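Enquirer: Input sequences plus hints: build the corresponding full structure.
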Amino acid sequence: MKKIKTLLVLLLIFSLLACNINNKNQPNIIIILTDDMDSKLMPYMPKTNQLIGEQGATFTNYFITTPICCPSRASMLRGQYAHNTDILENTPGFTRFFKLEEEKDALPVWL
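Quick note, in our numbering, the sequence shown goes up one by one and the last residue is 111.
Among the hints, a few may not be true.
Within a straight-line C-alpha distance of at most 30 Å, the following computed DSSO-like cross-link-like pairs (lysine-lysine) qualify [claimed, not checked]:
id	residue 1	residue 2
1	LYS40	LYS104
2	LYS99	LYS2
3	LYS3	LYS99
4	LYS3	LYS104
Hints were generated in silico from the structure; no laboratory data involved.
Predicted, not measured: the structure shown is a model, and the values here were computed from it.
Expert: Put into C-alpha coordinates, the structure is as follows:
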(Lines of atoms letter the chains of each structure in order from A and count residues from 1; the text may use other names and numbers.)
(Lines give C-alpha, C1' and ligand atoms only; values in the text may rest on other atoms or scores of the structure.)
Protein backbone atom coordinates (compact mmCIF):
# COMPACT_ATOMS: atom_id res chain seq x y z
CA MET A 1 0.00 0.00 0.00
CA LYS A 2 2.90 2.33 0.83
CA LYS A 3 4.43 1.79 -2.61
CA ILE A 4 1.11 2.52 -4.30
CA LYS A 5 0.80 5.81 -2.41
CA THR A 6 4.38 6.70 -3.32
CA LEU A 7 3.76 5.92 -6.98
CA LEU A 8 0.58 8.00 -6.99
CA VAL A 9 2.41 10.97 -5.44
CA LEU A 10 5.22 10.64 -7.98
CA LEU A 11 2.71 10.40 -10.83
CA LEU A 12 1.00 13.55 -9.58
CA ILE A 13 4.31 15.40 -9.30
CA PHE A 14 5.43 14.38 -12.78
CA SER A 15 2.03 15.28 -14.21
CA LEU A 16 2.27 18.74 -12.70
CA LEU A 17 5.81 19.14 -13.98
CA ALA A 18 4.75 18.07 -17.47
CA CYS A 19 2.11 20.82 -17.51
CA ASN A 20 4.82 23.45 -17.08
CA ILE A 21 7.52 21.88 -19.25
CA ASN A 22 7.29 24.67 -21.86
CA ASN A 23 7.36 27.44 -19.28
CA LYS A 24 10.91 28.81 -19.29
CA ASN A 25 10.26 31.13 -16.35
CA GLN A 26 9.48 28.50 -13.77
CA PRO A 27 9.61 29.85 -10.23
CA ASN A 28 12.09 28.63 -7.69
CA ILE A 29 10.47 27.35 -4.53
CA ILE A 30 12.46 27.68 -1.35
CA ILE A 31 11.09 26.58 1.99
CA ILE A 32 12.69 28.28 4.96
CA LEU A 33 12.18 26.19 8.04
CA THR A 34 13.08 27.70 11.40
CA ASP A 35 12.67 26.39 14.90
CA ASP A 36 11.35 28.24 17.95
CA MET A 37 11.03 31.50 16.07
CA ASP A 38 8.54 34.09 17.21
CA SER A 39 7.03 36.60 14.79
CA LYS A 40 8.35 39.33 17.11
CA LEU A 41 11.88 38.45 15.93
CA MET A 42 11.31 39.49 12.30
CA PRO A 43 12.10 43.21 12.88
CA TYR A 44 15.63 42.14 13.79
CA MET A 45 16.06 40.73 10.26
CA PRO A 46 15.02 43.65 8.01
CA LYS A 47 16.88 42.42 4.91
CA THR A 48 15.38 38.95 5.12
CA ASN A 49 11.94 40.34 5.74
CA GLN A 50 12.33 42.82 2.86
CA LEU A 51 13.58 40.27 0.33
CA ILE A 52 10.93 37.70 1.17
CA GLY A 53 8.15 40.25 1.33
CA GLU A 54 9.03 42.15 -1.84
CA GLN A 55 10.26 39.35 -4.08
CA GLY A 56 8.49 36.35 -2.64
CA ALA A 57 5.37 35.27 -0.88
CA THR A 58 4.41 35.69 2.73
CA PHE A 59 1.68 33.95 4.65
CA THR A 60 -0.38 35.32 7.50
CA ASN A 61 -2.05 32.08 8.55
CA TYR A 62 -0.22 28.88 9.33
CA PHE A 63 -1.27 25.31 9.90
CA ILE A 64 0.66 22.35 11.21
CA THR A 65 -0.51 18.84 11.94
CA THR A 66 1.29 18.69 15.27
CA PRO A 67 2.77 21.37 17.55
CA ILE A 68 5.77 19.20 18.41
CA CYS A 69 9.03 19.85 16.53
CA CYS A 70 10.22 16.40 15.36
CA PRO A 71 6.83 15.03 14.28
CA SER A 72 6.10 18.29 12.48
CA ARG A 73 9.40 18.19 10.57
CA ALA A 74 8.99 14.50 9.73
CA SER A 75 5.48 15.25 8.51
CA MET A 76 6.78 17.97 6.23
CA LEU A 77 9.69 15.92 4.91
CA ARG A 78 7.55 12.84 4.29
CA GLY A 79 4.45 14.63 3.04
CA GLN A 80 2.36 12.65 5.53
CA TYR A 81 0.42 13.32 8.70
CA ALA A 82 2.64 12.94 11.75
CA HIS A 83 0.93 9.76 12.98
CA ASN A 84 1.75 8.10 9.63
CA THR A 85 5.48 8.79 9.95
CA ASP A 86 5.70 6.80 13.21
CA ILE A 87 7.53 9.74 14.79
CA LEU A 88 5.20 10.89 17.53
CA GLU A 89 7.48 12.74 19.96
CA ASN A 90 10.70 14.75 20.06
CA THR A 91 12.82 11.95 21.48
CA PRO A 92 14.81 10.23 20.05
CA GLY A 93 14.30 12.65 17.14
CA PHE A 94 16.57 12.29 14.12
CA THR A 95 18.01 9.06 15.51
CA ARG A 96 14.64 7.35 15.07
CA PHE A 97 14.08 9.00 11.68
CA PHE A 98 17.50 7.71 10.54
CA LYS A 99 16.99 4.25 12.08
CA LEU A 100 13.70 3.84 10.20
CA GLU A 101 15.58 4.94 7.03
CA GLU A 102 12.95 7.62 6.47
CA GLU A 103 15.49 10.02 4.93
CA LYS A 104 15.76 7.66 1.93
CA ASP A 105 12.06 7.99 1.22
CA ALA A 106 11.35 11.69 1.70
CA LEU A 107 10.00 14.48 -0.45
CA PRO A 108 13.43 16.06 -1.24
CA VAL A 109 14.70 12.68 -2.49
CA TRP A 110 11.61 12.23 -4.67
CA LEU A 111 12.16 15.61 -6.30
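Enquirer: Each of the hints needs a verdict: does it hold here or not?
Expert: Structure-based check of each hint:
For the proposed pair LYS40 and LYS104, the alpha carbon gap of about 36 Å is over 30 Å, so the pair is violated. Distance restraint check for LYS99 and LYS2: the Cα-Cα separation of roughly 18 Å lies within the 30 Å cut-off, and the hinted pair is therefore satisfied. Restraint check: the Cα-Cα separation between LYS3 and LYS99 comes to about 19 Å, which is no more than 30 Å; the hinted pair holds. This hinted pair checks out: LYS3 and LYS104 have alpha carbons roughly 14 Å apart, not beyond 30 Å.
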